[in-house]
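Peer 1: Here is how the chains run, residue by residue.
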Amino acid sequence: MSNRHEDEMSLEDFTHLILPIKNKLFRFSLRIVGNVAEAEDVVQEVFIKVWNKRSDLANYSNVEAWCMTLTKNLSIDKLRSKHRRADSFREGFDVPTTKSENPYHQTAYNDTFDRVQKLLNDLPEKQRMVMQLRDIEGLAYQEIADTLNISLQQVKVNLFRARQQIRVQLVNSESYGL
Amino acid sequence: MDYNNIRKLLDKYWEGESTIIEETQLRDFFTGSDVPEDLKAYQPLFQFFQMEQDKNLNGDFDQRLIKQLESSEKPKATVRKLPYYLMRVAAAALLLLSIYFVNEQWDQKTNDVVVEEMTPEEAYEQTKAALLLVSAKLTKGTDVANDGMSKMNKATRVIK
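Keeping their order, the protein sequence lines are chains A and B. When we follow my numbering, the leftmost residue of the first sequence carries the number 24, and every step to the right adds one. When we follow my numbering, the leftmost residue of the second sequence carries the number 466, and every step to the right adds one.
Keep in mind the hints are simulated off the structure, nothing from the lab. Be a bit skeptical, because a hint or two may be false.
Unchecked claim - Here are some chain A residues pointing at chain B (derived, C-beta under 7 Å): (1) LYS72; (2) TRP74; (3) ARG77; (4) ALA81; (5) LEU182.
What the hints assert, rightly or not - Per the computed footprint, the stretches of chain A lying under chain B, defined by three or more beta-carbons under 8 Å from a beta-carbon of chain B, are: (6) 34 to 43; (7) 57 to 67; (8) 83 to 89; (9) 165 to 176.
Here a beta-carbon is modelled for each residue, glycine too, at the ideal position from N, C-alpha and C.
Between the sequences and the hints, there should be enough to build the whole structure, so can you do that?
Peer 2: Okay, structure coming up:
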């Protein structure tokens, strides 16, 4: 391996500093493309892009947000190029989970997953992405704004609307005994 | 258990005013077994978030990625000095062309020869003359080719 610049990132640095966010990127992409294999491709493409630009990595104040933005863009490209929506709920659930011993996973798993997945997929794209980044990835509002390239106010509005919508749907489906 | 605290957190959550820590508390509460009837409707949502957080890439992803990054690391193949290489090809082509032209001209000349009855001596003389002509033409052809080559070399030197 030849380091052209002394401050350039080595493969080892890359593995320690950037690779650990892979699952975050994967879940985000999966939320958009709705397919495990495609989400995996997206993450791989993102990392290759980042690796090829490692010499100007110092110019990015928030590498993680940058990776997330790349993930978002590539995922949306992938989705649009296929002219289909990410509404195949079940796809992606053959991914091995680490906590499968949890009894919850065996019993209520299907029902819960299907219902909420559908509610989330029915949200407008922006609301869906904001909710994913906040409620699943635990990002701060500012990080979400950076990732999606929208204002802080837009993050709050989208999150508020998404949660309100989900709340109404949950209460409705409960009262109908669904 | 104090459900009122949870209800307060939940209200903040719906309004989009909860902190990340409070949201974690909500998730912990709803994925537990101690959820009262009136809050059960919201349980699937937080269970879903929990499940989603456990979704990960396959174990061999790292290996495959690193292999790919390493292969992109190899130095790019140096660009061959094609011009010089092409010069040599062009010179060879020129040589072949000149030989072809010599042959062509000679063929025309021989076609003009009128076939007639000859004595062996006459035939010998004619053959000798013909061979001398060929020899001369071939020498001329080589000169032309050499001339071409030297011009080529000159050009190559200039380009270099």
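Peer 1: Now tell me, hint by hint, if it's right for this structure.
Peer 2: Hints, one by one, checked against the model:
1. Violation of the interface hint for LYS72 of chain A is found here, the shortest Cβ-Cβ separation to chain B being roughly 11 Å, above the 7 Å cut-off.
2. Evaluation of the TRP74 of chain A hint against chain B yields a held restraint, the C-beta minimum of about 5 Å falling below 7 Å.
3. Because the closest C-beta pair between ARG77 of chain A and chain B is about 10 Å apart, greater than 7 Å, the hint is violated.
4. The beta carbon of ALA81 of chain A comes no nearer than 19 Å to any beta carbon in chain B, farther than 7 Å, and the hint placing it at the interface is violated.
5. Proximity of LEU182 of chain A to chain B holds as hinted, the smallest CB-CB distance being about 5 Å (cut-off 7 Å).
6. Given a C-beta distance limit of less than 8 Å, the hint that chain B covers the segment 34 to 43 of chain A holds, as 4 residues qualify and 3 suffice.
7. Note: the segment 57 to 67 of chain A has 3 residues with beta-carbon separation from chain B under 8 Å; the three-residue rule is met and the coverage holds.
8. For the segment 83 to 89 of chain A, the stated coverage by chain B is violated: 0 residues have a C-beta nearer than 8 Å to a C-beta of that chain, whereas at least 3 were required.
9. Note: the segment 165 to 176 of chain A has 0 residues with beta-carbon separation from chain B under 8 Å; the three-residue rule is not met and the coverage is violated.
Taken one by one, the earlier hints fail for this structure at numbers 1, 3, 4, 8, 9, listed in ascending order.
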